[in-house]
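Quick mapping for you: the protein sequence lines, in order, are chains C and F.
Just so we're aligned: 23 in numbering that gives the first Met the number 0 is position 24 of the first sequence, and the numbers increase by one with no gaps anywhere.
Just so we're aligned: 148 in numbering that gives the first Met the number 0 is position 149 of the second sequence, and the numbers increase by one with no gaps anywhere.
Hints listed in this document are in silico derivations from the structure and should not be mistaken for laboratory results.
Wrong hints could be hidden among the right ones.
As the list claims (entries may be wrong) - Label-pair ranges, simulated between beta-carbon atoms: (1) A85(F) to V39(C): 32 to 42 Å; (2) K122(C) to R58(F): 21 to 31 Å; (3) A19(F) to K47(C): 18 to 28 Å; (4) F22(C) to L184(F): 12 to 22 Å; (5) Q29(F) to A118(C): 23 to 33 Å.
Claimed, not checked - Calculated cross-link-like contacts (lysine-lysine; reagent style DSSO-like; alpha-carbon spacing at most 30 Å): (6) K46(C) to K65(C); (7) K65(C) to K47(C); (8) K120(C) to K48(F); (9) K48(F) to K122(C); (10) K51(F) to K120(C); (11) K99(F) to K123(F); (12) K99(F) to K122(C); (13) K48(F) to K65(C); (14) K46(C) to K122(C); (15) K120(C) to K65(C); (16) K65(C) to K51(F).
Said to hold, decoys possible - Interface residues of chain F toward chain C, partial, derived using beta-carbon atoms under 7 Å: (17) W11; (18) S13; (19) S18; (20) I40; (21) W57; (22) P105; (23) G136; (24) Y141; (25) M175.
Ideal Cβ placement from N, Cα and C applies to all residues, glycine included.
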Amino acid sequence: MFGIVMAKSEAFSWFRIQEMFRFQSFHMYGIIGTAVTLGVIGVALIKKFNLRDIKGNPITFFPKEKSIVRYLIGGTIFGLGWALSGACPGPMVVNIGYGYLSMIVVFLFAIIGTYLYGAIKNKLPH
Amino acid sequence: MLEFIQQPWTWWVSGAIISAIMFLLIFFGQSFGFSANLRTICSVAGGGKFVKFFDFNWRSQIWNLVFLIGAILGGYIARHYLSDGAPVLISENTIADLSKLGISAPTSAQPDELFSLESLFTLKGFLILAFGGLMVGFGSRYAGGCTSGHAISGLSDLQFPSLIAVIGFFVGGLLMTFVLLPIIL
Chain C
0 MFGIVMAKSE AFSWFRIQEM FRFQSFHMYG IIGTAVTLGV IGVALIKKFN
50 LRDIKGNPIT FFPKEKSIVR YLIGGTIFGL GWALSGACPG PMVVNIGYGY
100 LSMIVVFLFA IIGTYLYGAI KNKLPH
Chain F
0 MLEFIQQPWT WWVSGAIISA IMFLLIFFGQ SFGFSANLRT ICSVAGGGKF
50 VKFFDFNWRS QIWNLVFLIG AILGGYIARH YLSDGAPVLI SENTIADLSK
100 LGISAPTSAQ PDELFSLESL FTLKGFLILA FGGLMVGFGS RYAGGCTSGH
150 AISGLSDLQF PSLIAVIGFF VGGLLMTFVL LPIIL
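Let the hints inform the model, and build the full structure from the sequences given.
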């Protein structure tokens, strides 16, 4: 379902990502904006009514670690890669399924990039 | 009905479905964050023997790998059963700007200049894709999440770190789009 919606919304297209970063269309902002707006309402309702998941466990949200440096630097590096390859990790594999085999290279290097981070993690500011 | 589905989906339908996917995962006791799979794959491949960061019980993440397989299948299904084959309808301004960079107007979902196999087997074409992937993989783990984990899940929970990460995504994205891409292409 995720794969279908990424492809059908065209959010997996390099062209759409370029259009987004050039602020030339509402399309991507509409997608993300709708998802986040509904997300905020839904999460608030889950918290208000203390809803449980299917196994009966209370649904909890884990606050992310407090830091500014890692999110800003990491986010910026991610953004550089996103605008260059036109794909974040999810859409990469959707592209592979769609038949863009070059994305296999992008995905393999994303795995290498993650490994590299793990290897030098302790030397980076967080 | 099928013809209706074969058109590109409008933004609010797509946004609502993404949100629904996130809540489905939450109600099944999981969370929506795709780039965690990259770490899991490193771990499955045996990375935990060398790097502590990958030494964790990856079997608890199998559901997310299933999600990954589903995403590949989804891409395949969208292409072969749910597509009318029309090129991506981006704005005229974007087409004009990209043509200055040597990228021609869309004929499908991706530009041939970057994603055709001919391009992949040139040094420049290969390096663009390799560095793009490398930065996405490195950056998403450094920032603790990607678009799904931060921009969708994190912002839905009104988490401040996610807002910073998303600002970072745009700092990097704008830098690449307006400063680096004109040099690279």
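| task | Using 7 Å as the Cβ threshold, decide whether G136(F) counts as touching chain C. | result | Holds, because the Cβ-Cβ distance from G136(F) to chain C comes to roughly 3 Å (cut-off 7 Å).
| task | With respect to the beta-carbon atoms only, verify the hint that K122(C) and R58(F) lie 21 to 31 Å apart. | result | Holds: the Cβ-Cβ distance is about 29 Å, inside 21 to 31 Å.
| Would the hint on W57(F) stand, with a C-beta cut-off of 7 Å toward chain C? | Violated, about 13 Å.
| Hint check: is the beta carbon of Y141(F) less than 7 Å from a beta carbon of chain C? | holds (3 Å)
| message | Min Cβ distance, M175(F) to chain C: is it shorter than 7 Å? | response | With a closest approach of 4 Å, the M175(F) hint holds.
| query | Are K51(F) and K120(C) close enough, with their CA atoms no more than 30 Å apart? | reply | holds (10 Å)
| query | Does K65(C) lie within 30 Å of K48(F) when you go C-alpha to C-alpha? | reply | Since the Cα atoms of K48(F) and K65(C) sit roughly 29 Å apart, the hinted pair holds (cutoff 30 Å).
| If you draw a straight line from the CA of K48(F) to the CA of K122(C), is it 30 Å or shorter? | holds (19 Å)
| query | Is K46(C) close enough to K122(C), meaning Cα to Cα at most 30 Å? | reply | violated (37 Å)
| task | Let me know if the C-beta of I40(F) comes in closer than 7 Å to any C-beta of chain C, holds or violated. | result | The hint holds - I40(F) has a Cβ within 7 Å of chain C, the shortest such distance being about 5 Å.
| request: Take a quick look at whether K99(F) and K122(C) sit within 30 Å of each other, Cα to Cα. | output: violated (41 Å)
| task | Hint says 12 to 22 Å; check whether the CB-CB distance for F22(C) and L184(F) agrees. | result | holds (20 Å)
Hint violations for this structure: numbers 12, 14 and 21, all remaining hints satisfied.
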